[in-house]
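Asks: Protein chains in written order, with this note's numbering: chain A, 3 to 277; chain B, 3 to 277; chain C, 3 to 277; chain D, 3 to 277.
All clues given are correct.
No copy labels: a pair is met if it fits in one copy or bridges any two.
Simulated crosslink set (DSSO-like; lysine-lysine; CA at most 27 Å straight-line):
1. K89 to K141
2. K74 to K272
3. K104 to K256
No lab work stands behind these hints, which were simulated from the structure alone.
Every value quoted in this text rests on a predicted model; they were computed, and no experiment measured them.
Number of protein chains: 4
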Amino acid sequence: MIITIQCKDRVGLVAQIAQVLAARNVNIVSMREYVDTVNNNFFARLEVNHSEQNIALYDVLQQILPTEAIIKINSEIQKNIVVLVSKEYHCLSDILVRNHFKTLGAQVQCVIGNHAVLQEICTKFEIPYHFIDHNGIDKQNFEAQILSVINTYNFDFIVLAKFMRILSPSFIAGFTHKIVNIHHSFLPAFIGASPYRQAHQRGVKLIGATAHFVTNDLDEGPIIAQQTMPVNHTYQPADMVRTGKEIETAVLIKALQSLFSDRVFVYDNKTIVFD
Amino acid sequence: MIITIQCKDRVGLVAQIAQVLAARNVNIVSMREYVDTVNNNFFARLEVNHSEQNIALYDVLQQILPTEAIIKINSEIQKNIVVLVSKEYHCLSDILVRNHFKTLGAQVQCVIGNHAVLQEICTKFEIPYHFIDHNGIDKQNFEAQILSVINTYNFDFIVLAKFMRILSPSFIAGFTHKIVNIHHSFLPAFIGASPYRQAHQRGVKLIGATAHFVTNDLDEGPIIAQQTMPVNHTYQPADMVRTGKEIETAVLIKALQSLFSDRVFVYDNKTIVFD
Amino acid sequence: MIITIQCKDRVGLVAQIAQVLAARNVNIVSMREYVDTVNNNFFARLEVNHSEQNIALYDVLQQILPTEAIIKINSEIQKNIVVLVSKEYHCLSDILVRNHFKTLGAQVQCVIGNHAVLQEICTKFEIPYHFIDHNGIDKQNFEAQILSVINTYNFDFIVLAKFMRILSPSFIAGFTHKIVNIHHSFLPAFIGASPYRQAHQRGVKLIGATAHFVTNDLDEGPIIAQQTMPVNHTYQPADMVRTGKEIETAVLIKALQSLFSDRVFVYDNKTIVFD
Amino acid sequence: MIITIQCKDRVGLVAQIAQVLAARNVNIVSMREYVDTVNNNFFARLEVNHSEQNIALYDVLQQILPTEAIIKINSEIQKNIVVLVSKEYHCLSDILVRNHFKTLGAQVQCVIGNHAVLQEICTKFEIPYHFIDHNGIDKQNFEAQILSVINTYNFDFIVLAKFMRILSPSFIAGFTHKIVNIHHSFLPAFIGASPYRQAHQRGVKLIGATAHFVTNDLDEGPIIAQQTMPVNHTYQPADMVRTGKEIETAVLIKALQSLFSDRVFVYDNKTIVFD
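Chain A with its partners taken away, still in its complex shape:
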């Protein structure tokens, strides 16, 4: 069982939490604690062995922790996700394969795409694909259609697996720290579209990718994971795109696996990730 706690820090917090657990014969197998001393915040992730019902533990923790504390107790209950895509297959395929072989750490409920091209691969893996064309309709209407589809599913997170369209503030507002995007650059370098063309023009020797939560500021949400890979003078923009896809796939899955195993906390537009 995984317990995560996020609240204001005070002396004795760990003692109180540990006592509650010890009193119920719950053993702490692994514990990560971090105090952001600048902002006086406490973050903890505990892996415990237990023989007690979750709900009771939650209530007891709630009683001893500050009132605004965010407590999560996760047993084996699988997370659920919906995936939004456009035309690129690499991130989606990686998710679908892992989902199929039950190593994703979450269950893909459906895939929504604004092009028809990725329908076939979803069908192969027996995942519902909803084609929602963005042509001829405004963003409000487009997002309303997305909402009407995803609201028919239970889900914990929305994964933008190369969705390539900017969601409106009102859409995002409904899913704070629930939407994960893979951006095709080492943010904050090359914000916005065509980062590989920008990277090629600048003559960089590394390209990167960034997985982050989506907020209203384009590509400015809390970063979960980043990675870079070497490139050289022989790389044309198309070669950078191709290499970039390998990094994008790797970074997105890394971020998702941290997220699905309750290792990611958010505070003040930054993440705490207990790898």
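Given the structure of chain A, go ahead and fit chains B, C and D onto it with the hints provided.
Replies: Positioned in the frame of chain A, the structure of chains B, C and D alone reads:
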């Protein structure tokens, strides 16, 4: 202040430790705990803010922890090291420069070499250099001379910065988990001498280095840090040696800095490193 | 068009090759040349723009080069592969997805497995799957069945995508430098079975994978690509296996893409790879 | 001997060059050629074995190559550098140590600093240190003093080893592609001062460094080498600075060693680096 604890695990251990600290108004700024559930061992490293004398805390912790517990409480007291070298300059120079600018995390007490070649660089940095020639004397005599020198210094660790000679079991027995070596390969590949020649012959595409504690089994002690770097077909053995030196320098300093900041535990010929 | 040449070196070789091309108005867009001066071998890979028939160029090059020269001229003709698997899905799935979206650089002709478990994923991607049970038959018979299947396909390479069975010398003899294996360790560390268990027991801080050509010596064939990834004390053998799969997938595809784009030469149990 | 050639491309160029060499019995040991097909530029680096005088070869090459061709023929003649520093020791110390042990690939002629703090380490290594205070004088006067010092030395390159001051266009104009800077971020992210503070605020998961030629646009010159290293939520700005120094040291030396071994070409604000 850093507190490290290593002992058998039991339910409630974290609670007891945290209570002891909280009762004395000691705040836990950062805590890493790991339970080796296979062997039932508990390892913890706590960074705390305090206003109490160390010795009192030690006694209290000793009372509540299992009798065999290894408790260390480290304030700002600097670690001391002696460094053993042969002819290669790269690891030693890196240590001397950092020592000079007070960023090593330890104080170099002296350097001992079985060649005269590195005397000059030590003199530049005003570090005592003891030349102990291994020629014409047996290993017992050679090591006795080393011992007679190092015993005139206070030190916490012996660093073999490319010492290139195998120490005898009786020498090593006196310094369990106190001797750190940098081995010029990604152990356990290429144990023993000439690893780069072996690596070249095998046509590997990566070369590596390994920092480890020295035990009686050659190159078989607990590994603290490892790193690899790409090589290719153009690398002759001499090129591998040159590239290898970059990795050796980086890996040794990484291991030392973990060690000097009390992040390394040893159990069952393995290390727990809280990076 | 890609031209690769491997032969004994002599002064003037590049001049002669370049002249032959220039005389036919063939422009060299990119050239990699390497001379193994120890063994006096010449390796070259040229990307050229041309408007001439391949066969003519081949004949002319053959005339000017040493008689034993290995000359390959590859136009857009796709390579073909057969894939041998056992029960693990990760390498195969990656190959199947790229094959499906035509970014593999080769065409998968069929998959052969000694278990039935991966039949389904092949069927999804409309790739013939041949289940050849190794139970109850000897190796000779098992391999004869494999041969009888693959001989019904045209193929350039046999890819062992976690095949987990040792092929006999007589099988291998028929496919010199045509069989690529992914080994689940950083060779030459942990040769043989259960490398992750060995790695865990040794307490390594990195795990790796190696893609290599298969020769008669187990895991001793020419290495094409290697990669490592950090692990730590929290990794149980099962965690190492899981992380290892990520590296295995990445290393195998890297090796295959080098191979399929004619960047790999073999000499004296080593590879020259022009990345 | 190393020969480098940069000129407009045309069919037959390699043939002509190789013929010139073959006719003089010069053997090409290793050759890297790259054609920028977009801009029709040809770049080549050849390692050759020869028994002829350099000057003759230069003249012959000049005759056969386009008039604007940049030809360089480098024998064992060592490059010379001057180093500009401010207060940080890490890059300078690395350069001084390698210079002392003759593994830098260049000879340090002198060090110029706008603070006195690094005088001591230069004196240890018997390298002239010139303290030029920037206080109380304008940039023009400051740079005039630097020029008057460096003009007393022969040098090929000016290395800004954490110089931390922006040079004026008129100063830079005198040394096109002769000034190398180490910038403490993964450009183009975090241009300008305080990149680590910016990086911390953005919550990045990697920090980087960039070695580049200096041009009039701040931090916008051709990039020679870049590297990144992982960081996490526990990194305060000071920790990022400390880790950043390790990367800065590694990236600057990598760039310098490429430069000193004639592996770096510049065209159109980008570099071609034949590693």
